Amino acid sequence: MFQKEVYLQRRAALKSKVNSGILLFMGNEDSPMNYKDNAYHFRQDSTFLYYFGINEPSLGAIIDLDADKTILFGNEMGIDDIVWMGRQKTLKEKSIDAGLTEVQPLDKLDDYLQKAVEKKQQVHFLPPYRAENKIKLSHWLNIPIAQLKEKASLTFIKAVVAQRSIKGAEEIVELNRAAALSADIHLMVMQQARPGMYERELAAKIEGAALATGGNIAYPVILTVRGEILHNHYHGNQLLDGQMVLNDSGVETALGYAGDLTRTFPVGKKFTAEQKDIYDVVLKAYTDAKNMLAPGVRYLDVHLTSCKTLAQGLKDIGLMKGNVDDAVAAGAHAMFFQCGTGHMMGLDVHDMEDLGEQYVGYTDDLLKNTTQFGLKSLRLGKALETGYVLTVEPGVYIIPELIDRWKAENQFSEYINYDKLEQFRHFSGIRVEDDFLITETGSTMLGKHLAITTDEVEAVRAEAY
Numbered sequence: 001m002f003q004k005e006v007y008l009q010r011r012a013a014l015k016s017k018v019n020s021g022i023l024l025f026m027g028n029e030d031s032p033m034n035y036k037d038n039a040y041h042f043r044q045d046s047t048f049l050y051y052f053g054i055n056e057p058s059l060g061a062i063i064d065l066d067a068d069k070t071i072l073f074g075n076e077m078g079i080d081d082i083v084w085m086g087r088q089k090t091l092k093e094k095s096i097d098a099g100l101t102e103v104q105p106l107d108k109l110d111d112y113l114q115k116a117v118e119k120k121q122q123v124h125f126l127p128p129y130r131a132e133n134k135i136k137l138s139h140w141l142n143i144p145i146a147q148l149k150e151k152a153s154l155t156f157i158k159a160v161v162a163q164r165s166i167k168g169a170e171e172i173v174e175l176n177r178a179a180a181l182s183a184d185i186h187l188m189v190m191q192q193a194r195p196g197m198y199e200r201e202l203a204a205k206i207e208g209a210a211l212a213t214g215g216n217i218a219y220p221v222i223l224t225v226r227g228e229i230l231h232n233h234y235h236g237n238q239l240l241d242g243q244m245v246l247n248d249s250g251v252e253t254a255l256g257y258a259g260d261l262t263r264t265f266p267v268g269k270k271f272t273a274e275q276k277d278i279y280d281v282v283l284k285a286y287t288d289a290k291n292m293l294a295p296g297v298r299y300l301d302v303h304l305t306s307c308k309t310l311a312q313g314l315k316d317i318g319l320m321k322g323n324v325d326d327a328v329a330a331g332a333h334a335m336f337f338q339c340g341t342g343h344m345m346g347l348d349v350h351d352m353e354d355l356g357e358q359y360v361g362y363t364d365d366l367l368k369n370t371t372q373f374g375l376k377s378l379r380l381g382k383a384l385e386t387g388y389v390l391t392v393e394p395g396v397y398i399i400p401e402l403i404d405r406w407k408a409e410n411q412f413s414e415y416i417n418y419d420k421l422e423q424f425r426h427f428s429g430i431r432v433e434d435d436f437l438i439t440e441t442g443s444t445m446l447g448k449h450l451a452i453t454t455d456e457v458e459a460v461r462a463e464a465y
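Going by full-length UniProt numbering, 305 is the number at position 305 of the sequence shown; the sequence numbering is gapless.
Please note that the accuracy of each hint is not assured.
[As the list claims (entries may be wrong)] The calculated EDC-like cross-link candidates involving lysine to aspartate or glutamate, where the alpha carbons are at most 16 Å apart (straight line), are:
(1) Lys284 x Asp455
(2) Lys290 x Asp301
(3) Lys368 x Glu353
(4) Lys149 x Glu357
(5) Lys158 x Asp364
(6) Lys269 x Asp455
(7) Lys407 x Glu422
(8) Lys270 x Asp241
(9) Lys136 x Asp241
By construction, these hints were calculated from the structure, which means they are not laboratory data.
Here the structure is a predicted model, which means the values were calculated and not measured.
Model the full structure from these sequences, guided by the hints.
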């Protein structure tokens, strides 16, 4: 946990943004894999962590704005818990660490909310994403489960997003550490990968190294020779000379802050000429995007610049043709780049995504209402502010099924050179990604430098295995 003053200040700032009612914070429960006592790795709700810092299951909390009181709800360890888990800090001791003075048994939360409903006191809650919390909310507030998302408090959502988006000094330290640890692990993978290995061997090294830091992985490891599959969690392929490895992985620190890096490197010692050509196109898009980062710049414009750089580079290679601006406006570049250039980061690798992309990445004046393939997957569009932390991650992904569909429909034939593209049908994909903090004058990369140019990557691979 941070110092208790951090949590006191965070809660005080939140209270100043909502006028009345009860702010309800739902912690997460242990989630059983196949029976009650065999649970998945526990991960506390990020908003609960942000305001209370206590990383254990079966907790809830309220800030009663009308009564001016904050209460933590949970149960102290019983003798059975101590036998199986060992003596730990008491919940009362943990509450003091979080700057809290009142702790009540967990079942009292039910009573408190029932009385609030009877008094017609407004209960503000955030959109639930865990099934058990949906059931509890539905019971407490008499709202059908299907309606919970639309009934969530917009006032509460916007207040939390505004506060969590601007990272405090203590958070930047954690995020910088997460990125640095992630870079160390990426370098280790780049050094140890060799032809004949299986993806699962490298994925296991990543998970083990993340645990050794005292934290964990920030999200399921993407380690694949099928880099055209954007979120590929399958690790059963064997690494063959001539292929590339796409490694998208990051460390989550013990306090819950995420790193999110991607590098693509050859299975052998060197990239092929075609791989190097496309890698350099992706790297130019990354460089152009990161150079734009500054307060007041819309990330939508960063994304579109990245897309145009990709399109120009692919045109130079012969995979695209025609006017680059028109091609991007039409969405033709999405044959090669189907997602967004980046997203917000913090306690979540896709920060606050549970609260809604519209509220996290966009504004009332910049609505996320496009249905255009590719652009609809951009999670962040709004103007950047000092204190934001985000990723920059352009890529090129050549998907055989997408080629077949668009070619059959004669889509964007004025912009896509399908004859040339057939030669790259089994190319796979390339992505590079780093994490950035928006500063008063521009941006700074978090963590440490990790080999990123083809020369740097090949230098690492020359000494590998």
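Going back to the hint list, which numbers does this structure go against?
-> Number 9 - this is the single hint that the structure violates.
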